[in-house]
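Protein chains in written order, with our numbering: chain C, 1 to 495; chain V, 1001 to 1368; chain Y, 2001 to 2371.
FYI, nobody ran anything at the bench for these hints, they're computed from the structure. Treat the hints loosely; a few may be bogus.
To be verified - EDC-like mimics (lysine to aspartate or glutamate), calculated; alpha carbons at most 20 Å apart, straight line:
id	chain 1	residue 1	chain 2	residue 2
1	V	Lys1106	V	Glu1166
2	C	Lys280	C	Asp454
3	C	Lys474	C	Glu494
4	C	Lys205	C	Asp58
5	C	Lys17	Y	Asp2019
6	V	Lys1214	C	Asp74
7	Y	Lys2021	V	Asp1055
8	Y	Lys2010	C	Asp454
9	C	Lys326	Y	Asp2209
10	C	Lys337	V	Glu1200
11	Y	Lys2049	Y	Glu2063
12	Y	Lys2010	C	Asp382
13	Y	Lys2368	Y	Asp2209
14	V	Lys1009	C	Glu97
15	C	Lys86	Y	Glu2204
16	C	Lys436	C	Glu244
17	V	Lys1009	C	Asp92
18	V	Lys1278	Y	Asp2019
19	C	Lys337	Y	Glu2343
20	Y	Lys2049	V	Glu1339
21	C	Lys30	C	Asp181
22	V	Lys1083	Y	Asp2019
23	C	Lys476	C	Glu494
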Amino acid sequence: MTDCAVVIQNLTKTFGKVRALDNLSLTFAKGKITGLIGADGAGKTTLLRLICGLLVPDSGQILTLGENPVTDKDMIISQIGYMPQKFGLYEDLSVIENLRLYADLKGVPYQFDRLLKFTDLAAFQNRLAGQLSGGMKQKLGLACALLGNPKLLILDEPSVGVDPISRQDLQQMVQSLIDEDTTVIWSTAYMDEAHRFHHTVVLDKGRLIYDGVPQDLAENTAAFENKIIDLMGGYQEHPSLIAEHYQAHLQDLPYTVEACHLVKRYGDFFAVKDNSFQIKKGEIFGLLGPNGAGKSTSFKMMCGLSRPTSGTAKIMGVDICQNPSKARAHLGYMAQKFSLYANMSVWQNLSFFAGVYGVHPRDREARLNEILQVFGLLDYRDAVADELPLGIKQRLSMAAALIHNPAVLFLDEPTSGVDVITRRDFWTHIRGLAKKGVTVLITTHFMDEAEFCDRISLFYKGETIALGTPQALKDKAESSSMEEAFIRLIKEREA
Amino acid sequence: MRVFFALLKKEFLQIVRDPSSIIIAFVLPLISIVIYMYGINLDAVKVKVGIWNNDATPQTRLLTEMFNHNAYVSSVVYDSRQKLREDLVHSEINAALYIPADFSEKLARGEQAQVLAVTDGAVANVANYAQSYISTIVQQWLEVALGKNNTAQPLVTVTSRFWYNETLNSHHFILPGSVAVTMTLIGILLTALVVAREWERGTMEALLSTSMRKSQFIAAKYCAYFLLGMVAMFFNIWMCVAIFDIPFRGSYGVLTFVSGLFLLTALGIGLLVSSVLKNQFLASQAAVGIGFLPSLMLSGLAFPVASMPAFFQGITMLLPARHYVTFIVSEFLTGTVAEIVALNALYLSVIALLLGVAVKRKTASRLE
Amino acid sequence: MWVRICALIKKEFIAFWNDPKSRIMIVWLPIMLLLVIGPAITLEAKNIKLAVWDRAQTLESRELVARFAASPRFEIVRMAESLPQLRHWMDTQSVQAGLLIDNDFSDKIKRGETAEVLTVFDGRQTNSAAIMSAYVQQIVAAYAQELSADVYPRVAKAAVDVEIRNWYNPNLEYKWYLQTVLIALIAMVMTLLLTALSVARERETGTFDQLIVSPLSSFEILVGKMVPPLLIVMALVVVMTVIVIWGFQVPFVGSLWLFVAVMPFALLSIVGVGLFISSVVRTQQQAILGVITFQLPAALLSGFLSPVEDMALPFKIIGKCNPLYYFINLVQGIFLKNMNWTEALYNLWPMMLMAVITLSLAGWMFNKRLD
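Kindly produce the complete structure, drawing on both the sequences and the hints.
Given below as structure tokens:
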């Protein structure tokens, strides 16, 4: 057992009523990169925190680098590098100040050259961490975790919500900066990442469902994903109940969603330069691009969260700036990380959205009951939103967005953090709805989801550099996968 | 030590880069002092008296005039009894004086004449002063109008002297005392949100995963905000002494020492609230609730503690502001009085210590 | 439109009520404040610790001292034997006042001359020193009257008897005034806390975006955010009024209907301030800062510590623009003076004006801040 960095035996951890980890036993081999897969709520973060000694197990044993991480924390803490989910960066401190702080906290010398080089942050040393883009923040977070050449590197979803290029950079960074005998535990939601690691551990509902070499399970990412789904209980393709219950609108406009020369300017900086696109009824339109490229800004202008400097955004032919109430009545919105009212119940949340979108009190109870049934939320009717598993939160968010039968759906990274089965299910519903005539505008970082879109707009530095079907983009970049296409097209532009 | 200094440096950088800390530390005291100095006046209260004179003789007219000669009284003669009453009800005047028709007659006969003074008791302390002024002015008039020999002289009179503050200038008391209220607010506000923010932003988790110890974390927070608070405190005191000419008869050394103790208590309250609630929304409400009204009302600044019922005097013992107000007013106006310094310093130290222990206990060294 | 607004109002109530910690804050905090501060505050001076240095030691001087001993306001704690001793006691605050009687006290009186006694007070306690002095005056004057009348009758000379009547508050219970003020102050603090933080919090958690994307207009959001705190603080005011009347025995001579009718409009002005702060700031920390920056001057310049009329012009103007000033007038007026409708309106219209201004500004800022 001495070549195991972490040994776990019969580990159980419960939070209130929820059993986060259920009698888990596994080991992490030294010197290997192990991917940890599972949905939010599967127990990944809890496991990582337990390994670091940040939580105390209810029962069972953990040995991290040979010691008990809770009682003997001092002995091993200097050999562990931990990157938490929110990166742990101080927004008010600059890049170099953050690095120095963590170097001091870990008692290691100020040797940042290599790190700065690999993170490409050398030029931004004095920029405040709060002003960095998402990808840069992640690299900085990783750099801080790598300080002191830890023997055990624990990364909690370091590549969440980031474009494929940054993800690639992060992987390269880790590969180059670790030693041969460094053990890496890398928790991720991306199947393709997990597939590339030496080893994979899959958790579902606190239980271990796979522990082995990913290549053994499947040859490529798609098959890998399917196998994981099978291990989790399998997924039956079925027609979408939600789509069936959707009542289509009898509007006949040439375009349901239009962006006409949208510009967003902050002083001299153009976040969005001159964006135009038209989406037809029943189309699934994807906005892709690296962080800071302008896709979120465009998205926000389209749904009325941000006022364009010039240009118009039209929903169902209505200008959203001139006639906001009317335009918004046609719009259903799913926010990133599902901003719902955390301490209200499912019923209370839905009742609120029903009211706000004009469902009359008379019809409300009937409609809500219908929604609960159609979205499979009956069991959770009175559960507090904050305590729901993430997959259910997503469904609640979708229910709130569809409660008024909108003609247009805006989805902002709707699948971040959910497990693979929920993601499949989600897309079944989305495709069903699109067939029934719902127009869908979606932003995402999952390249496999990009394949489901009818058309894609690829953003870079405020402009659309490619617009067309996924196949068209792949052809243009001469790639076989969306991910490759993305990377190629962007890199071309950069040069 | 390296860890401690690194944390301290981080705190300073955060303070400097966050304008709200600067506003709390300097702008708030500035606003408060200006208000206390120029806005409020707790000196002898001015009173407006309405007079209805039913006996129009030169003597009574002299009486009504004399009301105007007093610096604290202004008077208006009313023609209509009705209007006089209305104005009293509307609080346009604080008291009404009714001079009856037979007033001068009675006095000429060497008898006792009567006047009726009605005061607005709803604003009780003003009524007290009104009573006092009216009686005094009437007596003064009597002597002037009829001559000292013809009027009854009181057998006993009393002269009042106010030690430490001869002119009973309320600013000499309010301004130093207000430092207590302002510093309580600042101390609590600065720290109340600080720990909650680390939890909400996720940096707490990252810190806990390093070899940082709980005590270093707490010490860094205390030190950084202590320094900021002391600077704010000196700024406050400097304004009192240099700009508003409040006399300072004590020792700056002693002042610094006890002020430091007081600041520790305020910071302790803020840190405790922040560590227990871990949530900015609730922490800020608690901070305002505990910091604002109690320190304004129960510290002895606005209302004298000695006049409070015994039980409540006991409660004020828990309030650091109370001990500090007693100390600082004394230090300014009397100079260093060993007993007062020692006693209040002791109370403050005990409170600071208890809070420090509570903060240490409630600061997590793990995520739960 | 109403359907939307009602949904928002219902949601706000649920949000306040569902979290137990929030409930404690809303209900217990103000009650605690009222119960702890209410009975304690007074501008009177009581239990005044007095030291006496009687160098005369005659019948008359001891009589005078006895008057002080008999007074419920004073407590004779020490008999001084020298000035330095008295000074030391005063320095260390063992006594708050000193009565000094000269050796020729009785001689002067017997000769029909005016005998003067000296009282010294701790000038550090500025807020009570002047009042203590007034009490002393009253006791001495009463004693002097007695002497004149009974003991040493003299030629009848002209004198004036000032009969004093104190309206509304015959026993000059300071508490009555201060406790009604306290209701107003606590109501202000709670209103600001509930309104100023609400939008900032939604912004920080991300739910505010949901509101913007929905068909709710800024006007509707404003109304929705306005009504729940208003109703909650109204309820609070009613509870506090009950406590003050039954617990603290403060008489309520005014019209209950008027009180209940006027309160929501009065509170609206403070709700307006809170929502305005909320619309301008981005984070909760800034919101709290805004609350304190408003609250401190508002409380200090509201007139309860020192009358607004006597303030220097710039502060007088601020005082007259301060909703709390009118609020205190209303509460105190209805409680203690049986204020009628006209008088109430007289105080109400400036508050309504402020409410309209602040709420409009808040609405406008909501719109502007879409970026």
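Outcome of the hint check:
no.	hint	verdict
1	V/Lys1106 x V/Glu1166	violated (41 Å)
2	C/Lys280 x C/Asp454	holds (10 Å)
3	C/Lys474 x C/Glu494	holds (18 Å)
4	C/Lys205 x C/Asp58	holds (17 Å)
5	C/Lys17 x Y/Asp2019	holds (18 Å)
6	V/Lys1214 x C/Asp74	holds (13 Å)
7	Y/Lys2021 x V/Asp1055	violated (67 Å)
8	Y/Lys2010 x C/Asp454	violated (40 Å)
9	C/Lys326 x Y/Asp2209	holds (17 Å)
10	C/Lys337 x V/Glu1200	holds (16 Å)
11	Y/Lys2049 x Y/Glu2063	holds (19 Å)
12	Y/Lys2010 x C/Asp382	holds (16 Å)
13	Y/Lys2368 x Y/Asp2209	holds (14 Å)
14	V/Lys1009 x C/Glu97	holds (9 Å)
15	C/Lys86 x Y/Glu2204	holds (15 Å)
16	C/Lys436 x C/Glu244	holds (8 Å)
17	V/Lys1009 x C/Asp92	holds (12 Å)
18	V/Lys1278 x Y/Asp2019	holds (14 Å)
19	C/Lys337 x Y/Glu2343	violated (54 Å)
20	Y/Lys2049 x V/Glu1339	holds (17 Å)
21	C/Lys30 x C/Asp181	holds (6 Å)
22	V/Lys1083 x Y/Asp2019	violated (55 Å)
23	C/Lys476 x C/Glu494	holds (16 Å)
Hints 1, 7, 8, 19, 22 from the list above are not met by this structure, while the remaining hints are.
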